[in-house]
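**Q** One-letter residues, chain by chain:
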Amino acid sequence: MENVIPLNLLPLGKSARVKKLVCDGNIRRRLLDLGLISNTVIEALQKSPSGDPTAYHIRGTVIALRSEEASKILVESSQV
Amino acid sequence: MGLTVQSTGTSVLNDNFTIKKSTPDELVIALAGNPNVGKSTVFNSLTGLKQHTGNWPGKTVTNAQGRYNYNDKTFILIDLPGTYSLMANSVEEEIARDFVCFGNPDTTIVVTDATCLERNLNLVFQTLEITRNVVVCLNLMDEAKRKKIKINLKELSRSLGIPVIPTNARSNQGLNDLMDTAYKISTGTLEVNPLKVTYDEHIENAIEMIQPLVHKIINGRLDSRWVSLKLLDGDRAILNSIEKHLCINLLEDNELKRMLWQALDYLSENGIKREEFRDSIVTSIVRLAEDICRRCVIFENKQYNATDRKIDRILTSKVFGIPIMLGLLAVIFWLTITGANYPSELIAKFLFWIEDCLTSFFMWAGAPKWLHDVLVMGMYHTLAWVVSVMLPPMAIFFPLFTLLEDLGYLPRVAFNLDNFFKKACSHGKQALTMCMGFGCNAAGIIGCRIIDSPRERLIATITNNFVPCNGRFPLLITISSIFIGGVIADGAYQSLLSTLTLTAVVLIGIITTFAVSRILSKTILKGVPSSFTLELPPYRKPQIGRIIIRSIIDRTLFVLGRAVSVAAPAGIIIWLMANIQINDISLLSHCAGFLDPFARLIGLDGYILMAFILGLPANEIVIPIIIMSYMSSSTMIELDSLQALRDLLVSNGWTWLTGVCVMLFSLMHFPCGTTLWTIRKETQSIKWTLISFIVPTLTGIILCFIIANAVRLMGLV
Ligand SMILES: Nc1nc2c(ncn2[C@@H]2O[C@H](COP(=O)(O)OP(=O)(O)O)[C@@H](O)[C@H]2O)c(=O)[nH]1
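In order, the protein sequences belong to chains E and Y.
Quick note: the first sequence uses numbering that gives the first Met the number 0, first residue 0, plus one each step.
Quick note: the second sequence uses numbering that gives the first Met the number 0, first residue 0, plus one each step.
Chain Y with its partners taken away, still in its complex shape (with noise of 0.2 Å):
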């Protein structure tokens, strides 16, 4: 749910990292870590910027940069993604090793979690193999604290030979500390003095054998130590990456490969093969990890995850799992459409008295009426429901789910629905991707970088659309509260039926996300479920005054602006297009006309598919579309209320089954514009952008068909 302007934004787009200096003596600090270990957060704090922050692993999958000033100067802070290693074994691991390497970074700071540390130190050892100016931030020393895990700090920064810094970046401690250690690493008025990592005799052998020639073709620019290595493990990446960015292609140089090869056949001499060699390589590193831990490390509590287990037990049972999941969903929405409601009448009140001003302060300007009719009736009464029908709802829904997200929920969604995953032959971190599309499509289609199996990437994309989006779900919550629970039931039931029929809707999307997923690993995208590991990581307590600000400021606000930034033109244009005539009929009619036919096919009328085709910039203005069409082609109104609403839509013909169809068309038709464009971006290939447009597209229209006409032929309606 990375709802910020960056995010969704083309910046985050390219992950190249061209750093650009205002000044040469500006300073460039990397920020690397393990997966939610608070990067981001550290990050945020720092330069002051909003990247998203959640508990769960893999929400930062681009390379973020800002600037703060410490003294007298200025750094750059690169935000990596999160890994486990810098082996390059994922596209994550590629582009943080190679800015590590090939970055230059004056300082690099390995953010690591506190009550986590010896699983940490493996990226802080890679780390220190390519680079010697490192710092390590130990952060969530409260959660270290709270579970009783004692860190002897002096101790573990002897060992590693780097300095250690213990944060708790939610609170902004030892920050500063951070920033003063950085800067005199980065300035040289403090030494280090860094570990290194002995392996193996033999391999330590092969790489004395080919150090000194690595050293001499490197020169300096790259640990020749760390290339040896890497070139004893066949590691292509990195040669590649060696010859993109410091144009040498060491394997041109002779000697070199000779050597190589003697070096080679020296291992497997000596029973050291390929595989054996990454298993010793790890072997060591894990096992010095596991020294320093013990001798700077003390667990006061053995049990100190006993209560996370407890509460795992219960969320992921056989028995209560997936009811408590869906029973979650159903009381987030519950609250949303009873929470929603009152606001949104008053806003709708207070919004049209502005509007009833703003005709008088025409009248009494003596504006002529087109201007005031295509400002007013167009513009400004399309803004004031995009506003009044979708400001409430997000208010309520996003700081819920950014809860839920804090406390480290949605991986035990993923650990609960990944056997659906893998029958339908694709990824367990679909979930995972599914959860961010609740925020925004666009959000969860970059966020299914977090799958790497390309295969499954695309089924992640191409199925994303099916999970609502903030976008879509005002437009859900009002046709399910002001139809189906008001046409079925009357008073307390309506919000209940209302919820109901939102969840039954999100769990049809997610069905038939499991379907399509399906269908299209036996088709167009055959394969077999790629291996995965899923973290589940600690419950954390969630800070509720800061989700609350942050959901609402960084998340509903920056939707809202998308919204409004859309529909006031659209409200232009589709005032306009209800208003010229030909024919004396207007524009607006010609083409619901034309679409009718069709649209009636699929339990739809013409101006709602109209609605729905001019939404393709943001679906937030299908409703409001609706609506106006509706009352250009009708008498004028007063909408102040939901219940007046409800009126005009009936008086257009509408039935439940009318309700029912688009609320399912909703669920189910093309991406907007931003995501549609963003495939294009992920994807690269115009090709499965189009499937990306189709599969949701021909899915909603047969469903919507069988629908519609079974109903009918069965003469419910």
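Bound conformation, chain E alone (with noise of 0.2 Å):
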């Protein structure tokens, strides 16, 4: 049943939850603010015009993170 993924490559309109972030200092810190622990429900809304950044939807705000952001956050899209 795992199936855990970079969050960039969640497809538009699918949910996963966080498991990970694989980062450290200032950008977890930043993505820590946003809610981002374990187990937080997050869905992928929609790309802007040029593929990137990409907008989630996260505890109730919509939040755009560039792909380098995204692909640092592990999220586990089975479950949901």
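Each hint can be trusted.
Listed next, the stretches of chain Y that the computed footprint assigns to chain E, with coverage defined by at least 3 CB atoms under 8 Å from CB atoms of chain E:
no. : region
1   : 78-88
2   : 110-121
3   : 275-287
4   : 299-313
5   : 415-429
Since the hints were made in silico from the structure, they are not lab data.
Ideal placement from N, C-alpha and C gives every residue a C-beta, glycine not left out.
Hey, can you piece these two chains together into the complex? The hints should help.
**A** See below:
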């Protein structure tokens, strides 16, 4: 059942749960500030016209992340 | 676009929070909150001031203060920068946190967004760790109602142990309650019993190990539990702040240092190292917020955001996103150009009619001719031009732009354009600072504070000038409508063509921004793009009436006032230069003659270049200077219509190429005096100010040179 992928590979319209943040320092803090602790549900909404960044639905708000940042968030997509 | 006297004035540029109480019993209230929750709106309503508001995160980047009276007390209200947390990850967070810690506010109001409470509680908890005296202002209640989000206020207030006041700041609902509660808490007549976050068992144990020692040293001046937590977290910034504000160096205490090491050892023995520590803290806070919201908030309509998503799918779609953006820009320009045309002429007619009256009056009073000429032909004439050329476009442009801002469109622009900024190795939020630049470049440069990385902030600062501010719009509009539009086409197509020209000019400015940003990133400001997250706030219904009043009074009149105060003395100086003769040639012509050979190289002429140089204090006066110089050296004509202006320019050798070069040079030359001064303040460096002066100027010269000579070589003019 494990199906862990980096967030940037999550297809649009799909939801997944955060498993792990694979980064540290400032980026990690920023992501934590968004409430991205483990098991947070996150949904990929849509891409910007040129394909990057992507808007995600996180805890009631819409946040755009560049693929560099999204790739550092590992999510598990089978559960949701 | 924070165009108020405060935001472009000096007051705003210092971040320290020296509060001048006029009497010792004035009470201090700090206003904290996430970005975009209506904090400035609350601030404005309470104090009657006019801080900039708008629907996008990051526009309040400075501490503003204001006063209000309630009952028998005077309150000083401090508007802190909007932040998501107080962990001091950025400058704003540090400012906000330091104020809550050391500014000794009697009460801290945390403004929260009722439609997104869970996330907002993070800041509430963090504030409660520092100070007990907190009120939650649950704002945007009308939006919550619209989205069918029900909040159990009693339960929320009970869970948090502090008062929760529902408000709708935009229509002043609930603010009285808010003031009342702040009054009661500040005067100690209302007891609070704030909830404290409980952390992981091991962390709690570690806190217990050092808290008594910290308590002894801090002696009640700060919450010792919170300071202990920060010590364990290894937060250097707070140690420095404590040393700065309380003159205590915690780590000088050997016993504390020993215990701290012991506590840290204990934590790492239990698998909690630095990163895990922070994770665990954040997790506890988030979980608690989740828990409270589960009990207090009911989403009656699970799809409450569906409409926003639909709109987003169109406005940021792959196919339509960028065309819609340019289309909107063009529509705004078109409305501005066509709408401003007629009123401009009317105002011009009226003001020049007054000029005739003034002349008659001077003759009647028997005033000397030179006095009349200096005051009427010099000062008044320039003023009349500035007013009639600037007022109507601004009165149309600003409300339209504010409308987009209020709706929440600007973050979508940033979202659409981000990839270009990434390719230019700069920050996505640069799009927002550019939008602010449309209002005023000085405001745009202050806005660059929303960018954390110093490298990217400098790039945004240096390139901000490539966005034409409203001081330059009138020139662009005038030239494009009387010249490009007028020369090439007639009638109905004219305004359409001017619109396209103007849009193209702005587009060129944007493209140049990308190009120059990239060049800077590859040369003097080498680096890779830093991480960033961009929030796309919900669309909100704008208040048309308020927008009109606000944009006309706050922005239009303010900008006009600034222009007028520069134009009046400039008018006199130009007149003097045009009329002081040396060897039978006016001073102005001497200077223009000197500049002429170089100016010709870049498609301008000496007078035009001269006007740009004299326009350093404010771009608004460039056009009036050009006109005055031409008029003083040719026979006097009545300039009461755009047609007449066109004739004047053509008779002075203008071709469409001159028009293009003037517009390009206006887009790309040194920033105005105010902007330069702001850059100096913000960067604290003469070097970067100089670079911000040179980069756009050089770009403009090179571009105009290439275009002028290419066109001439091809024999197109
Ligand atoms: N519907 C509604 N809109 C509000 C309310 N308070 C503020 N706004 C709007 O929300 C946006 C953000 O407000 P602002 O005061 O600039 O936010 P700040 O970033 O927290 O200072 C603006 O467009 C305001 O007009 C409210 O109570 N109800």
